[in-house]
Amino acid sequence: MTDAGGRDAGEPDAVAALRARILSGDLPAGARLPSELALAASQGTSRGAVRGALAALARQGLIESRRGAGWFVQSAQTQGFDRMRSFTQWAQGRGRASGGRIMSRERRRPTAREARRLGIGTGDEVLVMVRVRTLEGRAVMIERSVWAPWVVALVERMPDDVHSTTRLLGDAGIVITHGTHRIEAVAASSDDARLLGVRRSSPMLQVRRETYAANGRPVESGEDRYVPHTISFEAQAAGAAELPDLP
Numbered sequence: 000m001t002d003a004g005g006r007d008a009g010e011p012d013a014v015a016a017l018r019a020r021i022l023s024g025d026l027p028a029g030a031r032l033p034s035e036l037a038l039a040a041s042q043g044t045s046r047g048a049v050r051g052a053l054a055a056l057a058r059q060g061l062i063e064s065r066r067g068a069g070w071f072v073q074s075a076q077t078q079g080f081d082r083m084r085s086f087t088q089w090a091q092g093r094g095r096a097s098g099g100r101i102m103s104r105e106r107r108r109p110t111a112r113e114a115r116r117l118g119i120g121t122g123d124e125v126l127v128m129v130r131v132r133t134l135e136g137r138a139v140m141i142e143r144s145v146w147a148p149w150v151v152a153l154v155e156r157m158p159d160d161v162h163s164t165t166r167l168l169g170d171a172g173i174v175i176t177h178g179t180h181r182i183e184a185v186a187a188s189s190d191d192a193r194l195l196g197v198r199r200s201s202p203m204l205q206v207r208r209e210t211y212a213a214n215g216r217p218v219e220s221g222e223d224r225y226v227p228h229t230i231s232f233e234a235q236a237a238g239a240a241e242l243p244d245l246p
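Mapping the sequence shown onto numbering that gives the first Met the number 0, position 73 (from 1) lands on 72, and the numbers just tick up by one.
FYI, nobody ran anything at the bench for these hints, they're computed from the structure.
Bear in mind that the values here come from a model prediction, so they are computed numbers and not experimental data.
Some hints here could point you the wrong way.
Unchecked claim - Ranges between beta-carbon positions, derived for each pair: (1) L167 to R137: 20 to 30 Å; (2) A96 to R199: 40 to 50 Å; (3) T176 to S45: 45 to 55 Å; (4) G196 to R107: 19 to 29 Å; (5) R108 to D190: 38 to 48 Å; (6) S189 to R108: 22 to 32 Å; (7) A16 to S188: 17 to 27 Å; (8) A171 to R115: 18 to 28 Å; (9) R31 to R106: 46 to 56 Å; (10) A171 to S41: 42 to 52 Å; (11) G196 to R112: 23 to 33 Å; (12) R137 to S103: 13 to 23 Å; (13) A96 to H180: 21 to 31 Å.
Ideal placement from N, C-alpha and C gives every residue a C-beta, glycine not left out.
Could you put the whole structure together from the sequences, leaning on the hints where they help?
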């Protein structure tokens, strides 16, 4: 149960303040937290209550415990490639409140590269959309998407504060089932800096993606740019490793 401020009912104020400091970036990734004893003393509550609240923050992916060293701010939020998950689904799975706002939408002709990725002609019309995504009210990512002609009308009708484009597409019978991702480090552009409140040329994580519907048709091509320490990606490999030839 949460109160009007979004904190858990019965949660010590010191821990609620700690969550706010982590989400605002005041406590950077890797920072060591006060001890359970110090948190309990500052709030006038028991160590058991503080320990339970810290465990809840750990389940949300905000902090981690290191044996013999204490609690630390989690370096990044991890998302795997084992299944397709939207930003909203990922945030919900971590107990985080996500949001966003569409900053611009316009129809235009695709570039040759966009046409190739969407399987269309350069004479077709696509919808280009820029959207800022938030976690707990903090801007953490920019989506720049190019939508295929067959979904343009639907995406154009979405409200500027749409919570999940994936959900609205699914409600219309367009289920996103698979996609491709390419990850690289980039420097923040002037637009990135303006929309996310970061310094121009500061490092960002960029994910280029194409998504496909259950019928195999390309739905969207785009790129997402994350501020540092927001998310990381992991992949798992299975199967026997190939043995190299010995000289």
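Hint by hint, here is what the structure shows:
1. L167 to R137: 20 to 30 Å: holds, 24 Å
2. A96 to R199: 40 to 50 Å: Violated: the Cβ-Cβ distance is about 28 Å, outside 40 to 50 Å.
3. T176 to S45: 45 to 55 Å: Given range 45 to 55 Å: holds, Cβ gap about 48 Å.
4. G196 to R107: 19 to 29 Å: holds, 28 Å
5. R108 to D190: 38 to 48 Å: violated, 21 Å
6. S189 to R108: 22 to 32 Å: Taking Cβ atoms as reference, S189 and R108 lie about 25 Å apart, which means the hint holds.
7. A16 to S188: 17 to 27 Å: This hint is violated: roughly 34 Å between Cβ atoms.
8. A171 to R115: 18 to 28 Å: The hint (18 to 28 Å, Cβ to Cβ) holds, given that A171 and R115 are roughly 26 Å apart.
9. R31 to R106: 46 to 56 Å: For R106 against R31, whose Cβ atoms are near 51 Å apart, the range 46 to 56 Å holds.
10. A171 to S41: 42 to 52 Å: holds, 51 Å
11. G196 to R112: 23 to 33 Å: holds, 30 Å
12. R137 to S103: 13 to 23 Å: holds, 21 Å
13. A96 to H180: 21 to 31 Å: holds, 24 Å
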